[in-house]
Amino acid sequence: MVRLAQPDDSDEALVRLAGRGDRAAATLLIERHTDKIYAGCFRMLGDRASAEDAAQETFLRLWKNAHRWKPQGAKFETWLYRVAMNYCLDQLRKMGREINEDTIPERADPAPGPADNYFAGEQSFAMAGALATLPDRQRLAITLCHFQELSNIEAAAIMEVSVEAVESLLARARRTLRDRLAPMKPYLTGTMSDDAITNAN
Amino acid sequence: MTQSPTPTDKPQEDAAALNAVLNEAGVPEPSASLKRDILAAYDGVQQNRRTGFARVSGLFDRFQVASAAALAGVSMLGLTAGVLTANSSAALSPEDELYAYAEDGFDLAQLEDEELDQWARE
Numbered sequence: 000m001v002r003l004a005q006p007d008d009s010d011e012a013l014v015r016l017a018g019r020g021d022r023a024a025a026t027l028l029i030e031r032h033t034d035k036i037y038a039g040c041f042r043m044l045g046d047r048a049s050a051e052d053a054a055q056e057t058f059l060r061l062w063k064n065a066h067r068w069k070p071q072g073a074k075f076e077t078w079l080y081r082v083a084m085n086y087c088l089d090q091l092r093k094m095g096r097e098i099n100e101d102t103i104p105e106r107a108d109p110a111p112g113p114a115d116n117y118f119a120g121e122q123s124f125a126m127a128g129a130l131a132t133l134p135d136r137q138r139l140a141i142t143l144c145h146f147q148e149l150s151n152i153e154a155a156a157i158m159e160v161s162v163e164a165v166e167s168l169l170a171r172a173r174r175t176l177r178d179r180l181a182p183m184k185p186y187l188t189g190t191m192s193d194d195a196i197t198n199a200n
Numbered sequence: 000m001t002q003s004p005t006p007t008d009k010p011q012e013d014a015a016a017l018n019a020v021l022n023e024a025g026v027p028e029p030s031a032s033l034k035r036d037i038l039a040a041y042d043g044v045q046q047n048r049r050t051g052f053a054r055v056s057g058l059f060d061r062f063q064v065a066s067a068a069a070l071a072g073v074s075m076l077g078l079t080a081g082v083l084t085a086n087s088s089a090a091l092s093p094e095d096e097l098y099a100y101a102e103d104g105f106d107l108a109q110l111e112d113e114e115l116d117q118w119a120r121e
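Quick mapping for you: the protein sequence lines, in order, are chains A and B.
Heads up, the first sequence is in numbering that gives the first Met the number 0, so the first residue is 0 and it goes up one at a time.
Heads up, the second sequence is in numbering that gives the first Met the number 0, so the first residue is 0 and it goes up one at a time.
Partner residues aside, some chain A positions facing chain B, computed with beta carbon under 10 angstroms: (1) A25; (2) T26; (3) I29; (4) E30; (5) T33; (6) Y37; (7) A38; (8) R47; (9) A50; (10) A54; (11) L61; (12) A65; (13) A129; (14) H145; (15) L180.
Everything labelled a hint here was simulated from the structure, so no lab data went into it.
C-beta: ideal position from N, C-alpha, C; glycine also.
All chains, please: the whole structure from these sequences, using the hints.
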């Protein structure tokens, strides 16, 4: 029986095809990875516009290098995350972002739209604020391991540090988050009335 | 009667609460145009690459024409030189002819005989 060869739709194969000008392969890569990359960038940068810019820049770097892609190097997704996260860290450095309360995202999104759904969730808002106060490397570790659901090994590869270093960053990040969110615990767990929340604020 | 959490339960509860909050913290949807913009960026890069290839290819074509012309020029020069020198001649002296064909100029056998004769006489 003759077996027909299955088309190789692995990321690595698609990158090679995209590098040769295959628009369908590029479209498939966009469908697969844009949401995850955007979400990671949002966790790092804290606002939608910056996260979209970061996602676009990440893919632009991919398109420019696709024809040179060598599959024997890092796994494609690891490479893409590394590009995105390094870009975010660069942006944070350029902004000279101080780790203080001023970095907490604006609650009111000036542009009406899907973002409102996000900020409508009080827990999400509180979490965004607490995340914004984390040092960059801790925020990166918690973004990759928790929000992006990557393993510590994958996160270590993306961050180019040891697994132990990732674990240490994660532990510190969780401790910081827990401390930051502790005063809001009744509010976050839904046991505080709206009046009490208003008073607490 | 409800039991109050023991001290050992407290960190686990905190960790669980933190996990719950982390899990529920959402991300706003990206704008509808994000994927389109990324694809447009792909098209732009491909277009630039095609333009770049065309330029390099054009240069290469021009280079090919130039190199072919240079080769033809050198060939013509060689041919002309050959034609010009084909009928030229210089008078050769008998000595030139002698050294040109050593074997014709000397009868080696005769020379050997002469030498042997001389040796025999001595």
